[in-house]
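Engineer: Now for the letters of each chain:
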Amino acid sequence: MRKSLKILIAGVVVGVFSLSFFAGASFSLTGREIMEKMDANPEPEGSEGKLVMRLISKTGSVRERTLQSYSKIKNDLEKRYVKFIKPADVAGTSFLTLEQPEGSDLQYLYLPVLHKVMRIEAGKKKGSFMGSDFSYKDMESINIDEWKYKLLKEEKYEGMLCYVVESTPATEKVKKETGYSKKISWIDSKNFLVHKVEFYDELGNLLKILTLKEYKLFSGKYWIAQKMVMKNVQTGHTTELIFEGMKVNVKIPSLYFTPRYLMRGE
Amino acid sequence: MISRKFFPFIFVLMIAGFPGFSFTFCMAGTKGYVKTTGYYFTQGLQDKERMDMEINLETSFSLYDSGKGFFSYKLYADDLLGKSSRNSLSLDEAYLDIYTQNSDIRIGKQYIFWGKTTGVDTPTNNINPWDLSRIKPDPEQQRIAVGAIKVDYFRGYDLAFEGVWIPDITFSKLPSFTLPTGVAIGEEKYPQSELKNTSYGLKIDKFGSKVDFSLSYLYTWDSFPDYNIDLSAFPFITLVPVHHRVSIYGTSFATGIGETDIKGEAAYFQTEDTSGSSIYIKNPYLKYLLEVGYSLTDNLDIIVQFSGKKIFNFKSPDQYAGIPPELAEQFSFLYGEQREWQNSLTTHLTYKTWYDRLKLEFLGTYNLTLEDYMLSPQLSYEVGKGFDFGAGAMIFEGKPGTQFGTMDNEDFIWCDISYSFS
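Protein sequences, first through last, are from chains A and B. Numbered as in our numbering, the first sequence ends at 269 without a single skipped number. Numbered as in our numbering, the second sequence ends at 436 without a single skipped number.
Quick caveat, the hints were computed from the structure, so don't treat them as lab data. On a predicted model such as this, the values are computed, not experimentally measured, just so you know. Note that beta-carbon positions come from the ideal geometry of N, C-alpha and C, so glycine has one too. Check before you lean on any hint, since a few could be wrong.
Examples of chain B residues lying across from chain A (beta carbon under 7 angstroms, computed) [what the hints assert, rightly or not]:
1) K45
2) Y125
3) F127
4) Y167
5) Y171
6) F175
7) E176
8) W179
9) F227
10) A268
11) D312
12) D370
13) S434
14) S436
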């Protein structure tokens, strides 16, 4: 082979490998490692914002709820306070979730008509959150140790190169608590953000598809999706969660994440 | 003692006088609802049809981190079909919240609900009296707010001490009931409005742990009357309602085992008749309740409650010397002292579907001791744009002389339409 051709071939091979290196295509990453990178994305220590929840039926009719949401992370444990502002018949209902170091999160509910704070049944975690396509368990923070992971493939989604990772429950308890036999997540290879998740029911049929859109960078380091859409493919019902006026790393009083604050009915 | 009619004015003065009022006031909002309910009484004891309307309007304003003010009015038009006139406009709640670093203080007319189990007729929940003068499908709506000062002191985020002082002496409003021939109810006697006749209580609450629990003590008036006998019009007998003091020692807890919720309450009522020798005053008694909650499916929840009452120094009606047995039985019924031990089983099933748009509920209570029962199936549907529709029935069955047996002829079906606004 002529010397010039050999040099050309060698240059192309080196170039391809170099491109691969700089493009960040890590063929050696496992499903678990991808999820760890996703989980390692920094989260603000506190955030607040208004959340609009749109419940869209199969026929297109829309019910809308507006919530005020606060969240805080302390000692690696997340706390979340959510209060319904609209419509009038649910206004004042508020909900507190306290992540625990072990076991399920602690949850409290305040209903204005009951004039007292109720500890929520653990069994309700699989049930629908306020009539939406999200379950109470879906609203909890993700514990990556509750799942086993497998990298299925890499593919483009919405113009981004994504890892497609299958998650299966690590224990029967997780399967029973979530109601999912598996999840498939699309995680982009650049920022390790989740863009799409498919949820499969206990029989292995596709149940729901969650898409996370309009990621916005806060304070130069926190990527937060401003819109989440959960569609139940079995019923045709869709829930949209849209954040408005979100602020991060604001000083949110720890008081907000206590039954005391719920009892005020603020 | 301050008359209740002055509460709104006192409330306004307190707001106006609050430090920094003019600079920190913020109108939080106004909301309310209009609800029209139609009833059809299947047994025909009274007018077969009835329709009432309830309008609730509430306003709150925030004092930012310092507190908030709240008041709500209820307008009842009790008989839209025009057969009687029981319309009323009443102040439901009116209070001011003041927040300090470790305390929350609430002053005014308010609801104070104790206990960790589900429902409002639970052993330790005794501060707010009942309005049983109207039959309502929803017992949660039948409590009466009272004028009180409530102080919650917090040690950290999981321990709270609550003290309540209730200067407002309000008693339960009773339904009418059938008495033996020749017996009538006289005019109710109330204690004087004096400082020594006020009520007070203390509660300790622990939450945020594996088991949430509370301990409570309440010194108050029995909101349901005892009866003296007036023989001045003999042979006619007049039962005169009077009220006596009661001390209530209570406890409650809430926890979970696996996917099952377990809650419980118990309260000991120490009445003035500690020996049980007087037929005119209720004997001391213990009320208890154990609750188990479970989600049978994603949409179907069940709560089962085993509740009961133990009467101390129990006497059967024939053991009261000098009292005709028929009259003694009447006292046993009025005081809920027919048996030394009385236990009931309550089941509450809730099924939600169509993304919580439609809710089907079934509530049933069966008295295991006296074998009377109440059944209440109902549905509610979110129509949309603020409108909700509800319908259901209440069915009472039992032998004469039992709680639900005396209501045997008051079975009814109902439906309502409500509009909520803000």
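Engineer: Provide an ascending list of the numbers of those earlier hints which the structure does not satisfy.
Structural biologist: Hints 4, 6, 7, 8, 9 are the ones this structure does not satisfy, whereas the remaining hints hold.
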